[in-house]
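**Q** Residue strings, one per chain:
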Amino acid sequence: MPLDNVVFWVFAPISIASAVGMLVMRNAIHAALFLVVNLFCIAVMFLLLDASFLFAVQIVVYAGAIMVLFLFVIMLLGVDSGVSVRERLLGQRPLAIALAVAFIAELFVAVRAGIGFATHAPPGFEAVNQPGNTQALSEVLFREYFFPFEVTSVLLIVAAIAAMVLARRQAPAVTQAELEAHRAQVTDELEHAAAEPPA
Amino acid sequence: MRTPIAYFVMLSGILFALGTVGVLTRRNALLIFMSIELQLNAVNLALVAFSRMHNQLTGQVLAFFSMVVAAAEVVVGLAIIVAIFRRRRTIDVDDARELRW
Numbered sequence: 001m002p003l004d005n006v007v008f009w010v011f012a013p014i015s016i017a018s019a020v021g022m023l024v025m026r027n028a029i030h031a032a033l034f035l036v037v038n039l040f041c042i043a044v045m046f047l048l049l050d051a052s053f054l055f056a057v058q059i060v061v062y063a064g065a066i067m068v069l070f071l072f073v074i075m076l077l078g079v080d081s082g083v084s085v086r087e088r089l090l091g092q093r094p095l096a097i098a099l100a101v102a103f104i105a106e107l108f109v110a111v112r113a114g115i116g117f118a119t120h121a122p123p124g125f126e127a128v129n130q131p132g133n134t135q136a137l138s139e140v141l142f143r144e145y146f147f148p149f150e151v152t153s154v155l156l157i158v159a160a161i162a163a164m165v166l167a168r169r170q171a172p173a174v175t176q177a178e179l180e181a182h183r184a185q186v187t188d189e190l191e192h193a194a195a196e197p198p199a
Numbered sequence: 001m002r003t004p005i006a007y008f009v010m011l012s013g014i015l016f017a018l019g020t021v022g023v024l025t026r027r028n029a030l031l032i033f034m035s036i037e038l039q040l041n042a043v044n045l046a047l048v049a050f051s052r053m054h055n056q057l058t059g060q061v062l063a064f065f066s067m068v069v070a071a072a073e074v075v076v077g078l079a080i081i082v083a084i085f086r087r088r089r090t091i092d093v094d095d096a097r098e099l100r101w
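Chains A and B, in that order, are what the protein sequence lines are.
Going letter by letter, the first sequence gives residues 1 to 199 in my numbering.
Going letter by letter, the second sequence gives residues 1 to 101 in my numbering.
Everything labelled a hint here was simulated from the structure, so no lab data went into it.
No experiment lies behind these values; they were computed from the predicted model shown.
A couple of the hints might just be wrong.
Sample of chain A residues facing chain B (criterion: CB under 10 Å; computed from the structure) [what the hints assert, rightly or not]: (1) W9; (2) A19; (3) L95; (4) F108; (5) T119; (6) E144; (7) Y145; (8) A162; (9) L190; (10) E191; (11) A195.
Beyond 10 Å from chain B on every Cβ pair, some chain A residues (computed) [unchecked claim]: (12) D4; (13) N38; (14) L76; (15) Q92; (16) V101; (17) A121; (18) P122; (19) T152; (20) A167; (21) E189.
Each residue gets a CB set at the ideal place from its N, CA and C atoms; glycine is no exception.
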């Protein structure tokens, strides 16, 4: 059995099992940790598909940054944030599972009719990946997709500003009249304290 | 590269279906969000698999862009969840129903 197949058949069940684990966990932190395992398995799949740059990006960005952000928010909101476990829509869960099974069956039929389960990737990807995956990817990214890449930076800064605006704690607006009243009250109290003889 | 491409596509489809089940059945907004991340990753896997199958790097570039957009989406989504939690002390998606009818 070739090594590629061994790696695939080790990591594919792990990724499916961790996805199922994420679905059944009640505790949000456990679910997030299962998701980290799943993202790591997908990164290994990228490596099998000769996409070593995306393998690194997947681990750094997804399993690292995004999941840390998730864990921060879970900790911030509290693990048990007032979500009841009672099912409100009757039969929602079985229906969702039935739909998922139908989707997988449909995909199985479509893949078998389309590319077939015996199709191996054509040789010659090493030539595409010259001199290395990262260099080859940067060639494509900065030549053909340069404008979308620049637009991405706009998207990122908009997202950063949006997050700051949304998560800001809004202080109630103080009017000039309220400020005057407060100042008068403080002055009043000070005068009162000065007039009173110390006990 | 001896593993058939179809296996990767099937794995991607299974993960996507599991993510869909998560979105449809969970009511904790954070868990729904994690399921959406799972779906996005499953689609990325399919993109990279097709990139390998056609001996082109375009699929990998597309997966890279999808990762960037997913990162931006996570930031905004989590900020919205935090804002909702501040206002109503719960992140149960069934409780936010002002716009329902």
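**Q** Now tell me, hint by hint, if it's right for this structure.
**A** Structure-based check of each hint:
With its C-beta approaching chain B no nearer than about 9 Å, W9 of chain A sits inside the 10 Å limit, and its interface hint holds. Against a cut-off of 10 Å between C-beta atoms, the interface hint on A19 of chain A holds, since the closest Cβ of chain B lies about 4 Å away. Among the interface hints, the one on L95 of chain A holds; its C-beta lies about 8 Å from the nearest C-beta in chain B, closer than the 10 Å criterion. Given the 10 Å rule on beta carbons, the hint for F108 of chain A holds: about 7 Å separates it from the nearest Cβ of chain B.
For T119 of chain A, the suggested interface contact is upheld, since its CB lies about 6 Å from the closest CB of chain B, less than 10 Å. For E144 of chain A, the suggested interface contact is upheld, since its CB lies about 8 Å from the closest CB of chain B, less than 10 Å. The beta carbon of Y145 of chain A comes within 6 Å of a beta carbon in chain B, closer than 10 Å, and the hint placing it at the interface holds. For A162 of chain A, the interface hint holds, the least distance from its beta-carbon to any beta-carbon of chain B being 5 Å, beneath 10 Å.
For L190 of chain A, the suggested interface contact is broken, since its CB lies about 37 Å from the closest CB of chain B, more than 10 Å. Residue-level restraint check for E191 of chain A is violated (minimum Cβ-Cβ distance to chain B is 40 Å; threshold 10 Å). A least Cβ separation of about 45 Å between A195 of chain A and chain B goes past the 10 Å threshold, and the interface hint is therefore violated. Its beta-carbon lying about 5 Å from the closest one in chain B, D4 of chain A breaks the requirement of being farther than 10 Å from that chain.
Its closest Cβ contact with chain B, about 7 Å, brings N38 of chain A to no more than 10 Å, contrary to its assignment away from the interface. The beta carbon of L76 of chain A is not kept farther than 10 Å from every beta carbon of chain B, the shortest such distance being approximately 7 Å. Its closest Cβ contact with chain B, about 6 Å, brings Q92 of chain A to no more than 10 Å, contrary to its assignment away from the interface. Listed as a non-interface residue, V101 of chain A fails to keep its Cβ farther than 10 Å from every Cβ of chain B; the least gap is roughly 8 Å.
A cut-off of 10 Å between C-beta atoms contradicts the statement that A121 of chain A is not in contact with chain B; the least separation is 5 Å. With a least CB separation of 6 Å from chain B, P122 of chain A falls inside the 10 Å interface cut-off, contrary to its annotation. Against chain B, the non-interface label of T152 of chain A is violated: not every CB pair exceeds 10 Å, the least being about 5 Å. Its beta-carbon lying about 4 Å from the closest one in chain B, A167 of chain A breaks the requirement of being farther than 10 Å from that chain.
Once the 10 Å rule is applied to beta carbons, E189 of chain A is consistent with being away from chain B; the minimum gap is 34 Å.
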